[in-house]
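Assemble chains A and B onto chain H, guided by the hints.
Protein chains in written order, with this note's numbering: chain H, 1 to 375; chain A, 376 to 750; chain B, 751 to 1125.
Calculated directly from the structure, the hints in this document are not laboratory data.
Hints are not guaranteed to be accurate.
As the list claims (entries may be wrong) - Capping the alpha-carbon separation at 25 Å, the derived lysine to any residue pairs in SDA-like fashion look like this: (1) Lys884/B / Asn357/H; (2) Lys967/B / Glu503/A; (3) Lys174/H / Ile303/H; (4) Lys509/A / Pro911/B; (5) Lys134/H / Arg723/A; (6) Lys884/B / Ala861/B; (7) Lys172/H / Tyr271/H; (8) Lys509/A / Asn960/B; (9) Lys172/H / Leu162/H; (10) Lys217/H / His875/B; (11) Lys509/A / Asp1116/B; (12) Lys134/H / Ala387/A; (13) Lys884/B / Ala19/H; (14) Lys134/H / Pro390/A; (15) Lys884/B / Ala12/H; (16) Lys134/H / Ala724/A; (17) Lys134/H / Ala394/A; (18) Lys884/B / Ile303/H; (19) Lys509/A / Lys884/B; (20) Lys592/A / Met126/H; (21) Lys884/B / Pro352/H; (22) Lys134/H / Pro584/A; (23) Lys509/A / Ala769/B; (24) Lys967/B / Gly497/A; (25) Lys884/B / Pro209/H; (26) Lys967/B / Thr488/A; (27) Lys592/A / Thr113/H; (28) Lys967/B / Gly981/B; (29) Lys134/H / Leu597/A; (30) Lys884/B / Lys134/H; (31) Lys884/B / Leu222/H; (32) Lys134/H / Gly728/A; (33) Lys509/A / Ala762/B; (34) Lys172/H / Asp239/H; (35) Lys217/H / Gly872/B; (36) Lys884/B / Asn210/H; (37) Lys217/H / Thr863/B; (38) Lys592/A / Cys628/A; (39) Lys592/A / Pro108/H.
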Amino acid sequence: MQPSDIVVKPRAIMPEGAATLPAEYYVSAEYFAREMDRLFSRMWICAGRTEQVARPGQFFLRQVLGESIVITRNPSGRVTAFYNVCRHRGTRLCTELEGTFAGSIQCPYHAWTYDLDGRLIGAPHMDEVPHFRKADYPLHAVHADVWDGHIFINFTQHPEPLLDQLGPLPEKFKPWRMEDLRLGHRVVYDVRANWKLIVQNYNECLHCPNLHPSLNKLSHYLSGENEPLQGTFMGGRMDLRPGVDTLSMDGSCPRAFLPGLPSDDVRRVYYYAIFPNMLLSLHPDYMLVHTLWPQAPDRTINICEWHFHHDELARPGFTAADAVEFWDMTNRQDWHVCELSQAGIASRAYTPGPYSNREDLLYAFDRMIVGLHRR
Amino acid sequence: MQPSDIVVKPRAIMPEGAATLPAEYYVSAEYFAREMDRLFSRMWICAGRTEQVARPGQFFLRQVLGESIVITRNPSGRVTAFYNVCRHRGTRLCTELEGTFAGSIQCPYHAWTYDLDGRLIGAPHMDEVPHFRKADYPLHAVHADVWDGHIFINFTQHPEPLLDQLGPLPEKFKPWRMEDLRLGHRVVYDVRANWKLIVQNYNECLHCPNLHPSLNKLSHYLSGENEPLQGTFMGGRMDLRPGVDTLSMDGSCPRAFLPGLPSDDVRRVYYYAIFPNMLLSLHPDYMLVHTLWPQAPDRTINICEWHFHHDELARPGFTAADAVEFWDMTNRQDWHVCELSQAGIASRAYTPGPYSNREDLLYAFDRMIVGLHRR
Amino acid sequence: MQPSDIVVKPRAIMPEGAATLPAEYYVSAEYFAREMDRLFSRMWICAGRTEQVARPGQFFLRQVLGESIVITRNPSGRVTAFYNVCRHRGTRLCTELEGTFAGSIQCPYHAWTYDLDGRLIGAPHMDEVPHFRKADYPLHAVHADVWDGHIFINFTQHPEPLLDQLGPLPEKFKPWRMEDLRLGHRVVYDVRANWKLIVQNYNECLHCPNLHPSLNKLSHYLSGENEPLQGTFMGGRMDLRPGVDTLSMDGSCPRAFLPGLPSDDVRRVYYYAIFPNMLLSLHPDYMLVHTLWPQAPDRTINICEWHFHHDELARPGFTAADAVEFWDMTNRQDWHVCELSQAGIASRAYTPGPYSNREDLLYAFDRMIVGLHRR
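Okay, chain H solo, but in the shape it has when bound (with noise of 0.2 Å):
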């Protein structure tokens, strides 16, 4: 490979002094609260896959702003989704992180029971009580949408549509047509940093080849380009070296290219940080998926999904053993950084840092963030 085959894109240059966050906002807790309420109360999250609710009834558990949601689907085929908290004495409804209902949630406390739309449907010897109506004690929802096969959920009351949230994404990502991918492997990690480090981890590849020396051998850490920082989203692309099908151990790819993708697009990986908690990371021939549950100021949930094409998945001899590999050892490189940093951070030696111009994304998060506890 020689130097002149990697096509070096200029950066921004950042405004004079532009330096990282000071250390409170990752290791407070009030700065953690206001995150959790201006951000993850208020944003769609990704909470998962419509596969994983392929059925009425079929359910999975997600831990967010230390709540238990239930996500299911209901019998008319939407996706539905509750606060884990029986309405009688307040006992959680359900303890195994997925399964399927039989058509009914029932408390194993007292046996009052909900459908799928969370109606009451079953309270013992509540009608001799005078006045009780069931109707008034329907579960309490969490509103719940769709795109492209990811769920995602709101805590508001009112939200806004989440393709407003989304804007120009679902347009520039239906080539990968992600409804179309299936779950090939998942990987939970518990990462002892704070969710933003995350984000920031994922957003540069300044780090790459100091870090990841074997995915900057297949893609080269100056390749590719940074689409600005818009919203709801920043992101960008890499490039794959010449000779390099896809990011795997080797950089060989044993699975055909996703079907109807533009021949470009074959040669690129793009990795899109979707606020507040997905980073969606599009391949020639698969799809990975992060998304991002806080559980303190220096701590982090971190659901990792690798979804290949149903075809391929159904391929006799499929394998997804060379994707997982890889990202589960840059993955652990990353998450380990994450954490020192967090440590670092919480020094009282620590100050702000300065940024470099390969790091613009994470200049402008940085800003967003402190806008949001500005606010």
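Frame of chain H; chains A and B shown alone:
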């Protein structure tokens, strides 16, 4: 078994709008501290059994209110209790959970030594200190008293008599001759739930058909009668179904009934919550005692003991297995839903839910608790 | 051994009413923070031994005041210390507890690189940033100095000289030639007690007959003499009983005495608490050093090291087992009672208790601590 076998007693109609307590009663550190201060620090609390200190110098420890308390018996036969804190430099005097003092209590650090009445009787080199008098440094005492084999302790300076707190109970439960019963088995449960959720769970059987099918086969959940809350206790009784002799895995009773028990009581199980921490369950042939030891708003240690008549325990081939297995299974079902309730009540979605008429004791208990916090 | 063998030295009579400190000194987060701020953040603290950084680039880490500190040696031979925090994005530079830098210190994230004096010498892509100067981003330094083989660090900007803090000690302990000693064994203890309880435990032997019968057989607890507290240290000496050669399991000494030691000192063990965190115990043939690393009001990491003369260590058949086994046993007895004291002092029943005349150093230490908090 025919439905006609079951005598369903009507229950008091609850006031309109009777609902569970707001979340802060179960999750707030402030509410917890107030309950520890106004109930557990002021009332007599059940600490164990006289057989645990059968001989002078025998002792056991209890953890309550963040304190370690030594309970022992002095040479003249009186049960005594002390803070487990040396008067010299504050060192814990003993760490074994139970054992026997060799006539006196010696601090492991500098060998300060106390008699079984807590008087300081040895303090090396302190005679060199002018004006030092051993009489000034007895162990800090806690009041102790006994009811029918049960030891109670009290943290106040001048407690009301134990019998005043117990009211009519000693007379009521005389026929069971609890003093003659001896420990057959003990299980200590660590329950991630507020202590009040355990009391509430204990005082209604509305949950029995759903949660405890085995129990419901032995005693119909609508049988029996409640005794309304009276200041320091509340409870009631359940009737055994025809053909059932006691609460055990198969309903049979491999032991003699307790001697002298009236024939009516041989067909019943009595369950009384004796505030603040004793749950007393009297069966025809054995006594089940839970003592509750709140550790945090969301955590309670529950010591559960099965006691049998000493003649039965001494009989060759005696077994407690049927009763232990039955209640250990039932206990675990109960603590699990208590933990599910604790988790759900902490949700932002939790709001007080309506009580049925079968939950009248809970409503009365809640009113007492509310009054306690308002005082 | 006859009582007449023991020379019992009288101790200063304590002021009337001399008593232990109130509980808040041991359990309060506020008091702990003040001690970290006024003692540990201002005084020189003992951090390790020069042999741990024998060659330039060798390093070890210390955790103190919630900080991770890198201690290393620069090419010109000076011991240096730095906060373990990269100036770019705050990342921890190294996580290995000890090791050797290959000439420079490189951040694992974006490869910012520092020389062993902490100067930034490499920062990829930062040359594209206008006005960026490497000279502005050295590692944050911590002062480091050496006394007779012991490394001390200091967190203040302009510390007084280490020798001023040590006062007469360097002269006093010259005969032991501590610089010539080398590590034979290290044990790290995690003690659930306030750091002051460990200092206090170290400075009286009133507890020895009861807690350490083996130690008391080697050195009578009333032997020796105390040296009153002088600003930054306090200590004293114990006399070995006749026939005892050193503190070891059987009192025999399988090693040569330290070369050049005066004959009087061959019959003694010196124990000095050198504030705030060093406990120095000099035996005829070895040096025992504890360094204390407070983690919380009720938790202290204690690094205990046995050092021997390098000639002895080099001798075939050298063993440290007798000294290690003796002190490890004695240490564990001590930390156990310190933990018992910590637990008891947290009780609502704890009140300051009277000191005997054998606890005069503790009373003096307490006065210094009280003054510190009042300042």
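Q | Violations among the numbered hints, reported as their numbers in ascending order | A | Per hint list: 4, 18, 19, 28 and 30 violated.
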